[in-house]
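**Student:** Just so you know, the sequences run in chain order A and B. Residue numbers for the first sequence follow numbering that gives the first Met the number 0, so the first one is 0 and each next one is one higher. Residue numbers for the second sequence follow numbering that gives the first Met the number 0, so the first one is 0 and each next one is one higher.
Some hints here could point you the wrong way.
[Stated by the list, open to error] Taking beta-carbon pairs under 10 Å as the criterion, some of the chain B residues facing chain A (in silico):
| id | residue |
| --- | --- |
| 1 | Val72 |
| 2 | Leu161 |
| 3 | Arg221 |
| 4 | Glu269 |
[As the list claims (entries may be wrong)] Covered by chain A, per the in silico footprint, the following chain B stretches (three or more residues, Cβ under 8 Å):
| id | region |
| --- | --- |
| 5 | 186 to 198 |
| 6 | 240 to 249 |
| 7 | 256 to 266 |
[Stated by the list, open to error] Pulled from the structure, derived: some chain A residues nowhere near chain B, Cβ distances all over 10 Å:
| id | residue |
| --- | --- |
| 8 | Gln47 |
| 9 | Ala86 |
| 10 | Ala101 |
| 11 | Asp206 |
| 12 | Gln273 |
| 13 | Ser280 |
| 14 | His283 |
| 15 | Leu298 |
| 16 | Arg317 |
| 17 | Ile331 |
| 18 | Leu365 |
| 19 | Ala403 |
For the record, the hints were derived by calculation from the structure and aren't laboratory data. Every residue gets a Cβ at the ideal spot worked out from N, C-alpha and C, and that includes glycine.
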Amino acid sequence: MSWLETFRTGVQAIMSHRLRSALTMLGILIGIAAVILTVGLGEGASAQVSSEIQSLGTNLLTVTPGSSTSTGGVRGGLGSATSLTAADATALANKKDCPDVAAVAPVSSRSTVLVAGATNWTTSVSGSTPGWLTVHSRSLLEGNFFTQDDIVKANPVMVLGATTAVELFGSRDPIGQSVSVGTETYTVEGVLNSIGSSSTSGTSQDDLAIVPISTFQQQLAFGLTRTSVSSIVIQATSKNTLSAAYQEVQDELLALHGATSPLAANFTITTQTQALSTATSVDHTLTILLAGIAAISLLVGGIGVMNIMLVSVTERVREIGLRKALGATPSIIRRQFMVEASVLGLAGGLIGVLLGLGGAIGLPHLISNPIVISPSAAVAAIVVSLAIGLGFGVYPASRAARMAPIDALRSE
Amino acid sequence: MPEAEPPTQAVPAVSAYEGAEPETVAPTEVFPLHPPEPGSASPSLDEVFDHAPTAGTTRGAGSGHGRPIIELVDVRKVYSAGSLSVEALRGVSLSIEEGEFVAVIGPSGSGKSTLMHILGCLDVPTSGSFHLSGQDVSHMSETELAHIRNQRIGFVFQGFHLLPSMAAWRNVELPLSYAAVSRAERRERAIAALRRVGLGERIEHRPGELSGGQQQRVAVARALVTDPDVVLADEPTGNLDTASTEEILGLFSDLHRAGRTVVLITHEPEVAAVASRVIRVRDGQVTEAPPRELSLV
Chain A
0 MSWLETFRTG VQAIMSHRLR SALTMLGILI GIAAVILTVG LGEGASAQVS
50 SEIQSLGTNL LTVTPGSSTS TGGVRGGLGS ATSLTAADAT ALANKKDCPD
100 VAAVAPVSSR STVLVAGATN WTTSVSGSTP GWLTVHSRSL LEGNFFTQDD
150 IVKANPVMVL GATTAVELFG SRDPIGQSVS VGTETYTVEG VLNSIGSSST
200 SGTSQDDLAI VPISTFQQQL AFGLTRTSVS SIVIQATSKN TLSAAYQEVQ
250 DELLALHGAT SPLAANFTIT TQTQALSTAT SVDHTLTILL AGIAAISLLV
300 GGIGVMNIML VSVTERVREI GLRKALGATP SIIRRQFMVE ASVLGLAGGL
350 IGVLLGLGGA IGLPHLISNP IVISPSAAVA AIVVSLAIGL GFGVYPASRA
400 ARMAPIDALR SE
Chain B
0 MPEAEPPTQA VPAVSAYEGA EPETVAPTEV FPLHPPEPGS ASPSLDEVFD
50 HAPTAGTTRG AGSGHGRPII ELVDVRKVYS AGSLSVEALR GVSLSIEEGE
100 FVAVIGPSGS GKSTLMHILG CLDVPTSGSF HLSGQDVSHM SETELAHIRN
150 QRIGFVFQGF HLLPSMAAWR NVELPLSYAA VSRAERRERA IAALRRVGLG
200 ERIEHRPGEL SGGQQQRVAV ARALVTDPDV VLADEPTGNL DTASTEEILG
250 LFSDLHRAGR TVVLITHEPE VAAVASRVIR VRDGQVTEAP PRELSLV
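Whenever a hint applies, use it, and build me the whole structure from the sequences.
**Tutor:** What follows is the structure, encoded as structure tokens:
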């Protein structure tokens with residue numbers, strides 16, 4: 000008996016017990032749909048996070064002072080060291096030494112109170128350069144960003160985030176208004192476009208104020224940090240030149256700091272990829288957990304298949320006996336029941352995938368989370384459902400195959 | 000089933016051999032007479048139903064031709080369950096020749112069913128030997144026995160044993176599907192077999208749409224479709240009314256006249272009376288009984 004024919008016989012047997020077959024499939028179906036949806040939810044969350052991280056600026060390298068070793072030890076206090084300076088940033092912006100670097104923005108920040116008239120508002124004030132706008136892929140709602148000239152002259156000018164502007168000035172136009180920090184007064188030059196809050200850090204990217212780095216160092220920084228910067232953000236010319244830019248930045252900084260090998264570096268360079276993997280690893284853990292629960296429901300579905308196949312074998316003793324009397328060998332009988340079980344599993348899997356896809360289209364309208372269906376997950380789900388059918392079909396099929404023809408025929 | 004049965008004129012074709020030649024004494028051949036040819040070319044439709052003789056032999060209706068199809072020598076069958084063991088067959092020796100129409104008769108519990116299971120290769124003897132068409136089948140594996148049943152034996156059961164979800168022709172072609180016969184040929188042969196038993200108009204009917212007699216005729220067609228060495232009928236009329244019983248027994252007589260070897264297992268003397276030879280089973284042993292003495296059974 001050919002495989003095609005065995006398949007046909009199996010489908011026939013399934014179709015002759017429609018309700019029972021449908022209920023059996025239901026177990027697999029729900030399991031597969033659950034797997035598809037949970038994995039889709041996880042993927043959706045990951046995709047959301049990575050798109051957020053990418054929106055922070057693409058092709059970015061971030062240089063921070065100090066360095067950490069792979070064993071977890073920290074040399075020179077990561078982030079607290081003062082080994083990076085604005086001069087480093089200027090050197091990195093040199094096209095001759097670092098041809099793959101597109102933009103450089105040194106950043107120093109502190110949290111402080113801004114005062115505008117009778118209103119005050121605590122926010123993060125950063126000192127940077129015009130490159131900040133480029134590396135963070137930000138744009139202005141109104142006014143202008145400060146210029147290189149402002150940096151050279153250390154002018155008291157300020158650019159506000161959208162939220163900060165509203166908090167300080169309400170509906171008034173903030174451009175040209177004055178903001179005080181301590182004893183210093185700054186003129187608002189521009190307001191940034193709103194980009195919403197980051198789900199990774201939980202902080203609003205619209206609540207901030209930017210001043211020229213020179214102004215920051217002179218008026219806002221304390222002590223040692225007066226000459227240093229807390230980080231340098233570098234944008235590579237493209238995604239493909241990111242690793243080249245990494246190398247150039249590392250070589251340049253090692254040379255500037257008089258270090259001989261990367262191991263002796265007193266700075267750390269991180270890429271967006273690293274940030275991304277850190278952020279998505281949490282989502283992955285969650286996805287694995289949810290998929291694990293869904294997998295258990297699949298297991299239960301598989302046991303359902305086995306149960307039904309056992310019932311089917313018992314119920315069809317006469318048919319098995321007849322087929323054996325007519326010349327079906329034990330292996331043909333085994334194959335027939337295996338095919339039946341795997342068709343049940345496969346059909347459940349296919350319908351489950353369809354249901355999962357339907358859910359992926361429908362659910363985001365009800366809940367805010369996006370669901371991303373990966374084709375590989377769908378294919379894997381189908382393969383798994385087939386494997387479940389086969390795996391849980393082995394025992395019932397062997398029982399049918401082992402049945403003695405006379406015992407099978409005798410049962411009336 | 001209110002549906003009227005078709006007239007029992009059934010059997011249109013009569014064997015070309017029937018009565019054509021006088022019965023000849025079979026040449027003294029040495030066993031095994033003809034080795035099994037499982038892979039031999041599929042027989043033509045005429046051959047299927049009129050069981051063409053193998054080269055070198057002639058045949059006619061009536062009795063055997065000296066070529067044993069079934070040879071049992073001192074067959075014993077013991078069923079044991081725990082410490083209890085029952086000897087169902089106690090040394091049965093039996094020979095059935097090609098073309099014979101044999102009835103095996105005996106009351107229930109006589110070992111008749113056990114004998115039928117062994118003759119049908121559904122079970123193997125505990126001891127003794129069983130040659131089917133010259134082939135020793137007494138120590139075969141389950142898979143080998145399945146092939147033997149498929150190629151050499153056509154079963155007709157008391158309870159018809161048709162698959163209810165399949166049309167008549169699908170039921171008939173079932174044994175061919177285990178013999179790796181192409182789909183087209185299977186259908187052709189199944190339909191021809193149904194015509195042979197007078198059901199040419201009902202090939203697409205399901206068993207539930209047929210009367211008991213018609214269902215049993217479908218079962219007979221299924222037994223014939225593989226061109227078996229022997230048709231083994233186990234109480235084929237046990238579930239049938241008188242009219243259908245006569246119809247089915249008439250069919251077996253036709254098969255016999257066409258040269259088929261038929262073994263009929265029954266407990267009813269009037270059913271056994273249609274056979275040309277009767278074997279009585281009692282207490283696990285067999286005795287020959289001429290048909291005319293059957294009324295005394």
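**Student:** If a hint holds in the structure, say so; if it does not, say that too.
**Tutor:** Against the structure, the hints come out as follows:
{"no.": "1", "hint": "Val72", "verdict": "violated, 22 Å"}
{"no.": "2", "hint": "Leu161", "verdict": "holds, 8 Å"}
{"no.": "3", "hint": "Arg221", "verdict": "holds, 7 Å"}
{"no.": "4", "hint": "Glu269", "verdict": "violated, 24 Å"}
{"no.": "5", "hint": "186 to 198", "verdict": "violated (count 0)"}
{"no.": "6", "hint": "240 to 249", "verdict": "violated (count 0)"}
{"no.": "7", "hint": "256 to 266", "verdict": "violated (count 0)"}
{"no.": "8", "hint": "Gln47", "verdict": "holds, 52 Å"}
{"no.": "9", "hint": "Ala86", "verdict": "holds, 86 Å"}
{"no.": "10", "hint": "Ala101", "verdict": "holds, 69 Å"}
{"no.": "11", "hint": "Asp206", "verdict": "holds, 72 Å"}
{"no.": "12", "hint": "Gln273", "verdict": "holds, 62 Å"}
{"no.": "13", "hint": "Ser280", "verdict": "holds, 54 Å"}
{"no.": "14", "hint": "His283", "verdict": "holds, 49 Å"}
{"no.": "15", "hint": "Leu298", "verdict": "holds, 32 Å"}
{"no.": "16", "hint": "Arg317", "verdict": "violated, 7 Å"}
{"no.": "17", "hint": "Ile331", "verdict": "violated, 7 Å"}
{"no.": "18", "hint": "Leu365", "verdict": "holds, 43 Å"}
{"no.": "19", "hint": "Ala403", "verdict": "violated, 8 Å"}
Hints 1, 4, 5, 6, 7, 16, 17 and 19, counting from the list given before, are not met by this structure.
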